[in-house]
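*Asks:* We have chain A already, so just place chain B on it with the hints.
As you go down the protein sequences, you meet chains A and B in turn. Read in our numbering, the first sequence has 643 at position 643, and its numbers run on one by one without any break. Read in our numbering, the second sequence has 195 at position 195, and its numbers run on one by one without any break.
To be clear, the hints were calculated from the coordinates, so they are not data collected in a lab. Each residue gets a CB set at the ideal place from its N, CA and C atoms; glycine is no exception. It cannot be assumed that every hint is accurate.
Computed beta-carbon distance windows for the label pairs [stated by the list, open to error]:
1. B:Arg-10 x A:Asn-584: 31 to 41 Å
2. B:Lys-147 x A:Asn-63: 42 to 52 Å
3. A:Ser-535 x B:Phe-57: 17 to 27 Å
4. B:Ala-53 x A:Arg-2: 58 to 68 Å
5. B:Arg-10 x A:Ile-170: 15 to 25 Å
6. B:Lys-147 x A:Ala-636: 33 to 43 Å
7. A:Asp-442 x B:Phe-57: 45 to 55 Å
8. B:Ile-129 x A:Lys-511: 43 to 53 Å
9. B:Lys-147 x A:Arg-2: 16 to 26 Å
10. B:Lys-168 x A:Gly-597: 16 to 26 Å
11. B:Lys-168 x A:Lys-316: 53 to 63 Å
12. A:Pro-476 x B:Phe-57: 32 to 42 Å
13. B:Lys-168 x A:Phe-68: 52 to 62 Å
DSBU-like mimics (lysine-lysine), calculated; alpha carbons at most 30 Å apart, straight line [to be verified]:
14. A:Lys-611 x B:Lys-142
15. A:Lys-156 x B:Lys-96
16. A:Lys-611 x A:Lys-630
17. B:Lys-198 x A:Lys-3
18. A:Lys-3 x B:Lys-147
19. B:Lys-100 x A:Lys-611
20. A:Lys-600 x A:Lys-611
21. B:Lys-100 x A:Lys-156
22. A:Lys-600 x A:Lys-645
23. B:Lys-100 x A:Lys-620
24. A:Lys-655 x B:Lys-100
25. A:Lys-600 x B:Lys-156
26. A:Lys-630 x A:Lys-655
27. B:Lys-96 x B:Lys-187
28. B:Lys-156 x A:Lys-595
29. B:Lys-96 x A:Lys-3
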Amino acid sequence: MRKLNAFQMRLPSLLVSLSFAFAVLPLADTIMAWVWVLFACAQGVVFAKVFKRVPELNSLTLNLLAIFCMLLLIFFAGQFGLLSTMINLLVVAGCLKLITMRTFADFHLVVIVLIFLVACGFIYHQALLYALYYSGILFATLFGTYLLNKGKISRKQSIRQASKMLAQAIPITILLFVMVPRLPPLWDAAEAKSSSTGLSESITPGDIANLAQSGDLAFRAEFSGAIPEAQDRYWRSIVLDYFDGKTWSMGDEMSNTDNTPPIAVSGPATRYLIIAEPNETRWLYALDVPIVQETVTDKPIFRNQSYQLFTQEVNKKQSLYIVDSYLSAPLNHFMTEYERQRYLQLPSESNPQTRAFVESSVSDEMSEQARLKALIAPFFEQDFAYTLRPPLMQDNPVDQFLFEYQRGFCSHYASALTYMLRLANVPARMVAGYQGGELQNDNILTVRQYDAHAWVEYWIEGSGWTRIDPTAIIAPNRTLAGLLSSIDEQDSELIDRPFTLGGFRDVPVFKQIRDFMVLIDHQWNQSVLRFDQDSQRDLITNLFGAFNAKNMTTFMFLILAAIALFIGAIFLPYRRWLGREVFNPAQSLIRVLEKRGFEKHRKETLQQFIKCIQPDLNEKQYAFLHAFMKRYYAKAYEGKAIHKKEFNKLLKAVKANF
Amino acid sequence: MKSIISSINRLRNTALIRRNHWLDKRIPAENTSQFNMSNTFIFPSSFGWAMIAMVLFLFILGTNYQNNVVLGMSYFFTAVLLLSLFHSYQYFTQHKIHFKAFEPDFENREIALNCELSSLQRYPGGEFIITAYNRSIQVPLKEKFKKAPASIMLPKMQRGYHVCKRVKVECFFAFGLYRCWSYLQPKHRILVYPSVLKAPLKLHQINEDDDNDLAQHTRLTQSDNLQGIRNYVETDPMHHVSWKHVAKGQGLLTKDFAEHAGLMGWLKLSDYGSADIEQSLRILSYQVQHLSQEQIEFGLDLGDTKILPNSGIPHLEKCLFQLATYGQPKLDRRASDAKA
Numbered sequence: 001m002r003k004l005n006a007f008q009m010r011l012p013s014l015l016v017s018l019s020f021a022f023a024v025l026p027l028a029d030t031i032m033a034w035v036w037v038l039f040a041c042a043q044g045v046v047f048a049k050v051f052k053r054v055p056e057l058n059s060l061t062l063n064l065l066a067i068f069c070m071l072l073l074i075f076f077a078g079q080f081g082l083l084s085t086m087i088n089l090l091v092v093a094g095c096l097k098l099i100t101m102r103t104f105a106d107f108h109l110v111v112i113v114l115i116f117l118v119a120c121g122f123i124y125h126q127a128l129l130y131a132l133y134y135s136g137i138l139f140a141t142l143f144g145t146y147l148l149n150k151g152k153i154s155r156k157q158s159i160r161q162a163s164k165m166l167a168q169a170i171p172i173t174i175l176l177f178v179m180v181p182r183l184p185p186l187w188d189a190a191e192a193k194s195s196s197t198g199l200s201e202s203i204t205p206g207d208i209a210n211l212a213q214s215g216d217l218a219f220r221a222e223f224s225g226a227i228p229e230a231q232d233r234y235w236r237s238i239v240l241d242y243f244d245g246k247t248w249s250m251g252d253e254m255s256n257t258d259n260t261p262p263i264a265v266s267g268p269a270t271r272y273l274i275i276a277e278p279n280e281t282r283w284l285y286a287l288d289v290p291i292v293q294e295t296v297t298d299k300p301i302f303r304n305q306s307y308q309l310f311t312q313e314v315n316k317k318q319s320l321y322i323v324d325s326y327l328s329a330p331l332n333h334f335m336t337e338y339e340r341q342r343y344l345q346l347p348s349e350s351n352p353q354t355r356a357f358v359e360s361s362v363s364d365e366m367s368e369q370a371r372l373k374a375l376i377a378p379f380f381e382q383d384f385a386y387t388l389r390p391p392l393m394q395d396n397p398v399d400q401f402l403f404e405y406q407r408g409f410c411s412h413y414a415s416a417l418t419y420m421l422r423l424a425n426v427p428a429r430m431v432a433g434y435q436g437g438e439l440q441n442d443n444i445l446t447v448r449q450y451d452a453h454a455w456v457e458y459w460i461e462g463s464g465w466t467r468i469d470p471t472a473i474i475a476p477n478r479t480l481a482g483l484l485s486s487i488d489e490q491d492s493e494l495i496d497r498p499f500t501l502g503g504f505r506d507v508p509v510f511k512q513i514r515d516f517m518v519l520i521d522h523q524w525n526q527s528v529l530r531f532d533q534d535s536q537r538d539l540i541t542n543l544f545g546a547f548n549a550k551n552m553t554t555f556m557f558l559i560l561a562a563i564a565l566f567i568g569a570i571f572l573p574y575r576r577w578l579g580r581e582v583f584n585p586a587q588s589l590i591r592v593l594e595k596r597g598f599e600k601h602r603k604e605t606l607q608q609f610i611k612c613i614q615p616d617l618n619e620k621q622y623a624f625l626h627a628f629m630k631r632y633y634a635k636a637y638e639g640k641a642i643h644k645k646e647f648n649k650l651l652k653a654v655k656a657n658f
Numbered sequence: 001m002k003s004i005i006s007s008i009n010r011l012r013n014t015a016l017i018r019r020n021h022w023l024d025k026r027i028p029a030e031n032t033s034q035f036n037m038s039n040t041f042i043f044p045s046s047f048g049w050a051m052i053a054m055v056l057f058l059f060i061l062g063t064n065y066q067n068n069v070v071l072g073m074s075y076f077f078t079a080v081l082l083l084s085l086f087h088s089y090q091y092f093t094q095h096k097i098h099f100k101a102f103e104p105d106f107e108n109r110e111i112a113l114n115c116e117l118s119s120l121q122r123y124p125g126g127e128f129i130i131t132a133y134n135r136s137i138q139v140p141l142k143e144k145f146k147k148a149p150a151s152i153m154l155p156k157m158q159r160g161y162h163v164c165k166r167v168k169v170e171c172f173f174a175f176g177l178y179r180c181w182s183y184l185q186p187k188h189r190i191l192v193y194p195s196v197l198k199a200p201l202k203l204h205q206i207n208e209d210d211d212n213d214l215a216q217h218t219r220l221t222q223s224d225n226l227q228g229i230r231n232y233v234e235t236d237p238m239h240h241v242s243w244k245h246v247a248k249g250q251g252l253l254t255k256d257f258a259e260h261a262g263l264m265g266w267l268k269l270s271d272y273g274s275a276d277i278e279q280s281l282r283i284l285s286y287q288v289q290h291l292s293q294e295q296i297e298f299g300l301d302l303g304d305t306k307i308l309p310n311s312g313i314p315h316l317e318k319c320l321f322q323l324a325t326y327g328q329p330k331l332d333r334r335a336s337d338a339k340a
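Just chain A, with the same shape it has in the complex:
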């Protein structure tokens, strides 16, 4: 067991314990209080050891402490999940080892624990800044392990050496990243607890307890004229018409590509270009009533009877298209009896309280408008709240939401209202999309994932589909000024804002910086985080023209060859090989001497070298070497023309005499 001495240990242990601390910080939520205490103790012990001489703890005390910690962990394991118990276990193990760091093995164990922790951190956080942060930690850790074997060289030199070696690993990492085939999950991984917004083809309001809001870009819109007011910017994307009591989903006929029905529009048109980011669905975005003028990318865009825009395949790449929207045109088209039935569909026997409430507040002679008014009255009168952390509502979610908790976010409100309207015999549907967006300048609007929204449309005989946004009743700011203004402070933690610079939001320079960072972050998202089987396939198709087993194999071999070439470039003594071709008398002499066991130090001159080995030589040998050297210097520095033959003769004599 290699022991560490106090001198060797100082800097590496300081580095590793600091890295450990920094690696633990992002996981702060999952770490139990008593582990924090242990953590603080471990850090204290390391610092004390580095700056002072401290007697080692006796091993009995430590073993007892370890057993005590394990018992505590087991005791608390039930309350925490498996993953967080594992993280706590790692932190405890790391802390205990930090306290007793005596041998190389102890040190290496801490390093391994640290790498584990970083990996756990990456499961929770993958943004670019986190990646950079963790890379810093990993570098410090590996540098610490380098220091253990550094010998007697300066810190500067060792930093240079270690960075060089680690930097060499980066190209190989990238090549491997591109080459190694992506596998599907080997078994079901535990899902992370929160869900993030963005759109999906079904919505189950009651299931999501934490709505983590992503600041990723959804799309940009460039208007040719004035941008509509915030309360008019309802970007339609998905229309949900089927409700099973818990989940809203869409019927199959929605994405029928056969008929894009012509629609009659009137009023002024608003023209804009949309640059939509890939979104893993087939649905695109537009304001009502949209007519697609042009698609810049080559895939066709269709529109169905619910005014949704969609493509034939999932949007893996950016889509660019120009749309004319007729904001003031009514959304009316003829409704068949079949469609009427679809928009009145109800799950049987669920949410009885809501049923009772609708029955008591609506009567047959009321108009659609009057029924709506009666149904949304509770939102005005009672104490409803808008929150991103609603309680779980799993049995009869609408009942629970309306009569028990009265807390929720947009899809809770939209779901409840649609359901009530249908109970009141008014055809209704839920629409999901984005609302609002942030003005970049006079005609560019960026819409982010946290702008995702859900609202309701109901059918009025004669005037068609009419939009009603129940969330706007509870949190009017949500529609007027965006999400950030309508939530309380606790909720705002959930929002992953893209590099907000607090009070500087309005300073143009910061805005530019922010936009630049957003762009980089976006690149990181696209090229690293979303790199998958399909990206690999696209890459191979681009390179070889087609994706098949043969091309895949060629691709992998090419990458492996590239890695081998790279390693060869670093390690093969090609300089010596290349040098052999030019005649250098000094080099040949040195090579001859090397073969006979006299090694020249890299920084020695020929003269110094010969002087250095003089004691080991007899007179004759020395005389020959001296003569050789004289002639070499005469040729090299005095410019005398001495023929190669002469050197070769002398070299022969040297060879004969050694």
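*Replies:* For chain B alone, coordinates are given in the frame of chain A:
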């Protein structure tokens, strides 16, 4: 239980013997070795194995969570492991080790194994661990050096002319992921003289017959030439005191003899009995040194080996060498190699 342990030990011993036999063929004894393909071993250290397991674990974790960053980490450590393999090997093989000759010494004294590491300087610094006879030292290397000396104190050895056991030279450069090592055997031998044991001197004068040796001895010590008179020292024998001067009231003075000066004789092993041959050799070891200090010419008779009377340091060394190797299988002319 005992039998199991003993059989395990026996197995281990045979394995060790096999290994050494194989090593003798693969890496013959050499005083200067350049580390290269033929004498260098490389294998992941325990940390290296842990890292390999880590890479696999990260790969599974990354695949299961479909997390590209974790996968990237896994690839990064794969790359580090791969590069580290070459760096370790190149670092190790840029070095050369030179073993210096052992200084002969006596039993129950520690002998130093001195060696020198030198490098071609592609990588600065680094640290070597040299292990000989289960004793290790760490040799940290400097940024700029030509030769780094290292010295290990070997455990006490019995008298004899020993072959040095294999010396393990290893390093964990750069991140401790790989262990690069070599088992080297210095050609130099370790010469251990018998330790000294004081005993009365028995010296046979040349041409004297064996049966008279005791009488001869007495005569020898008494017939020394008187060189002069000097002040008495407590250790002087009483019979050397010049009583004439005492009687004259001039205080205690000692007759100073030119002891043994100009004399020569034979030391014989047979004089000291054969009950404990080691003991006898130790006595001879003392006497040989003593006589040499007094610059008396003497010969050494060990039965089958005889060294003709002579004096001086080379003679002493010859005698001590014979005493050290007494009773051991005869050696070739390596004896001179050891001193060369």
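*Asks:* Now tell me if each hint is right for this structure.
*Replies:* Against the structure, the hints come out as follows:
{"no.": "1", "hint": "B:Arg-10 x A:Asn-584: 31 to 41 Å", "result": "59 Å, violated"}
{"no.": "2", "hint": "B:Lys-147 x A:Asn-63: 42 to 52 Å", "result": "46 Å, holds"}
{"no.": "3", "hint": "A:Ser-535 x B:Phe-57: 17 to 27 Å", "result": "25 Å, holds"}
{"no.": "4", "hint": "B:Ala-53 x A:Arg-2: 58 to 68 Å", "result": "20 Å, violated"}
{"no.": "5", "hint": "B:Arg-10 x A:Ile-170: 15 to 25 Å", "result": "52 Å, violated"}
{"no.": "6", "hint": "B:Lys-147 x A:Ala-636: 33 to 43 Å", "result": "28 Å, violated"}
{"no.": "7", "hint": "A:Asp-442 x B:Phe-57: 45 to 55 Å", "result": "53 Å, holds"}
{"no.": "8", "hint": "B:Ile-129 x A:Lys-511: 43 to 53 Å", "result": "58 Å, violated"}
{"no.": "9", "hint": "B:Lys-147 x A:Arg-2: 16 to 26 Å", "result": "24 Å, holds"}
{"no.": "10", "hint": "B:Lys-168 x A:Gly-597: 16 to 26 Å", "result": "23 Å, holds"}
{"no.": "11", "hint": "B:Lys-168 x A:Lys-316: 53 to 63 Å", "result": "58 Å, holds"}
{"no.": "12", "hint": "A:Pro-476 x B:Phe-57: 32 to 42 Å", "result": "51 Å, violated"}
{"no.": "13", "hint": "B:Lys-168 x A:Phe-68: 52 to 62 Å", "result": "41 Å, violated"}
{"no.": "14", "hint": "A:Lys-611 x B:Lys-142", "result": "23 Å, holds"}
{"no.": "15", "hint": "A:Lys-156 x B:Lys-96", "result": "26 Å, holds"}
{"no.": "16", "hint": "A:Lys-611 x A:Lys-630", "result": "13 Å, holds"}
{"no.": "17", "hint": "B:Lys-198 x A:Lys-3", "result": "44 Å, violated"}
{"no.": "18", "hint": "A:Lys-3 x B:Lys-147", "result": "25 Å, holds"}
{"no.": "19", "hint": "B:Lys-100 x A:Lys-611", "result": "22 Å, holds"}
{"no.": "20", "hint": "A:Lys-600 x A:Lys-611", "result": "11 Å, holds"}
{"no.": "21", "hint": "B:Lys-100 x A:Lys-156", "result": "34 Å, violated"}
{"no.": "22", "hint": "A:Lys-600 x A:Lys-645", "result": "24 Å, holds"}
{"no.": "23", "hint": "B:Lys-100 x A:Lys-620", "result": "26 Å, holds"}
{"no.": "24", "hint": "A:Lys-655 x B:Lys-100", "result": "26 Å, holds"}
{"no.": "25", "hint": "A:Lys-600 x B:Lys-156", "result": "38 Å, violated"}
{"no.": "26", "hint": "A:Lys-630 x A:Lys-655", "result": "18 Å, holds"}
{"no.": "27", "hint": "B:Lys-96 x B:Lys-187", "result": "15 Å, holds"}
{"no.": "28", "hint": "B:Lys-156 x A:Lys-595", "result": "38 Å, violated"}
{"no.": "29", "hint": "B:Lys-96 x A:Lys-3", "result": "26 Å, holds"}
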